[in-house]
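Fit chain U with the ligands to the known structure of chain E by using the hints.
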Amino acid sequence: MKDYAEKIQAHARELLAAGKVDCVIGYETGSDGVNARPAFVYRAEDVGRLTFDDTCTHDLVTYLRNRKGKATAVVVKPCDARAVNLLLLEHQLQREQVVVIGLVCPGIKERAWGQKGEALLGKCQVCAMHNPPIYDFLVGQPIAEEPSPDQRYAPVAALAEKSPEERLAFWQAQQERCIRCYACRQTCPGCYCTECFADRLDPQWLGIRVDAPANGMWHTIRAFHLAGRCIGCDECQRVCIMGIPLSLLNRKLEQKVDDAFKFRPGQDAQTPPPLATFNPGENLGVDGGHGC
Amino acid sequence: MTDNGYQPKIVGFLCNWCSYAGADMAGTSRMVYPSHIRIIRVPCSGRVDPLFMAKAFEQGADGVLMAGCHPGDCHYNEGNYYAQRRYALMRELLAFMGIEPERFRLDWVSASEGKKFSQVVTEFTQAVAKLGPRQGVRR
Ligand code: SF4
Ligand code: SF4
Ligand code: FES
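Residue numbers (our numbering), protein chains in the order written: chain E, 1 to 292; chain U, 293 to 431.
Worth flagging that the hints you see were computed from the coordinates, not collected in a lab. For each residue, glycine too, the CB sits at the ideal point set by N, CA and C. Any given hint could turn out to be false.
[To be verified] Chain E is nowhere near these chain U residues, computed Cβ spacing over 12 angstroms in every case:
| id | residue |
| --- | --- |
| 1 | 301 |
| 2 | 309 |
| 3 | 316 |
| 4 | 317 |
| 5 | 326 |
| 6 | 330 |
| 7 | 331 |
| 8 | 333 |
| 9 | 342 |
| 10 | 363 |
| 11 | 367 |
| 12 | 376 |
| 13 | 378 |
| 14 | 391 |
| 15 | 395 |
[Stated by the list, open to error] Simulated pairs of lysine-lysine, DSS-like, Cα-Cα distance not exceeding 27 angstroms:
| id | chain 1 | residue 1 | chain 2 | residue 2 |
| --- | --- | --- | --- | --- |
| 16 | U | 408 | U | 301 |
| 17 | E | 2 | U | 301 |
| 18 | U | 408 | E | 162 |
So that you can see chain E by itself, here it is in the shape it has in the complex:
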């Protein structure tokens, strides 16, 4: 990864100098002097700020939604690149307005203030896509992909094996802690509705009371709105100040969608999403059965 910064800077310089984009979204070193933070570079002479290393946790694609209609370059890891495909598929982005600087990614580390993290992020430990599925410029040498590690769904299976009462108790304990800051929503590249159901007053789907049932409703609908769409960047869980394991819900749906509909979000920008299509012959659990 040593030469990544240099290559990103070179692409950014060229794009900005030629006027092909008016902003490059990348990473720079943050205020603790170690960890990266998002950087928005508008002038060719400022590209020196751009860096890349194993502290670059953010999914920068989420910032593209504020730049509708303006040509933008964005630095993406393979997981983030899937978010680009998601937005293209859902017509939230026009291909010609985004320049994708895709990185081959060996994995990102846990963050700790002022120091280098040690362990790989959970999502990187079970990552099955190290090369970006979409890019205009590729940085790094492509590496051989291996099948999804078995551990990917191990935490989901462990919880699914428990009794309904135990699962309920587990989630209630999580829901009680949620402060409904909506950081999970704000950071998600797939959460772009201008009016979230959670903010609606008429009908008011979600009361302003912050208690386990209402928070559970939030967690349920947040996860469901990303069913067949979540690209698994785990940003929602990372930003949650209360440490709520939101990825468990996302993974559960991801696994189900893969099993039932053979669909993996973000792999390309063409395959119709599973909830926007159907197969007339299917039975997914009608008549009280559990078809799928």
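Just chain U with the ligands now, kept in the frame of chain E:
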């Protein structure tokens, strides 16, 4: 309903064109079925945003039934197909979060199937009653 007098609350989302008419048929034919179901008429099973299911449970429902036209008979051709996919995912998610899968039911009931309607409601109400009241709801 049960020996200890527990009365389950069931919310039923019925499509206007088939299942609601099927319920009507059951009524006009004087068929007897448990009266725990609160029916909400929707234009099509495809109108049932999974949010409705989650909301019903949040508000204390013990079971949620969804019924629409048989495949191929939907008034809007394909609403029930989309409904089925959403239902299947939402049930999976809520079950993972601790709501027993027996508390959900999706069925196809046509306007002439008054008998089927009463059967589905009876079976479902019994299954839900057996589970008892839900934990973790505001009372
Ligand atoms: S980020 Fe965490 S605390 Fe904030 S709303 Fe989401 S789940 Fe709740
Ligand atoms: S739900 Fe979480 S993991 Fe999925 S795309 Fe959104 S932020 Fe990423
Ligand atoms: S109109 Fe009955 S399911 Fe669509």
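Checked hints:
no., hint, verdict
1, 301, "15 angstroms, holds"
2, 309, "17 angstroms, holds"
3, 316, "21 angstroms, holds"
4, 317, "19 angstroms, holds"
5, 326, "16 angstroms, holds"
6, 330, "17 angstroms, holds"
7, 331, "18 angstroms, holds"
8, 333, "17 angstroms, holds"
9, 342, "6 angstroms, violated"
10, 363, "6 angstroms, violated"
11, 367, "16 angstroms, holds"
12, 376, "5 angstroms, violated"
13, 378, "6 angstroms, violated"
14, 391, "7 angstroms, violated"
15, 395, "9 angstroms, violated"
16, 408(U) - 301(U), "20 angstroms, holds"
17, 2(E) - 301(U), "62 angstroms, violated"
18, 408(U) - 162(E), "34 angstroms, violated"
Checked against the numbered hints given earlier, this structure breaks hints 9, 10, 12, 13, 14, 15, 17 and 18; the rest are met.
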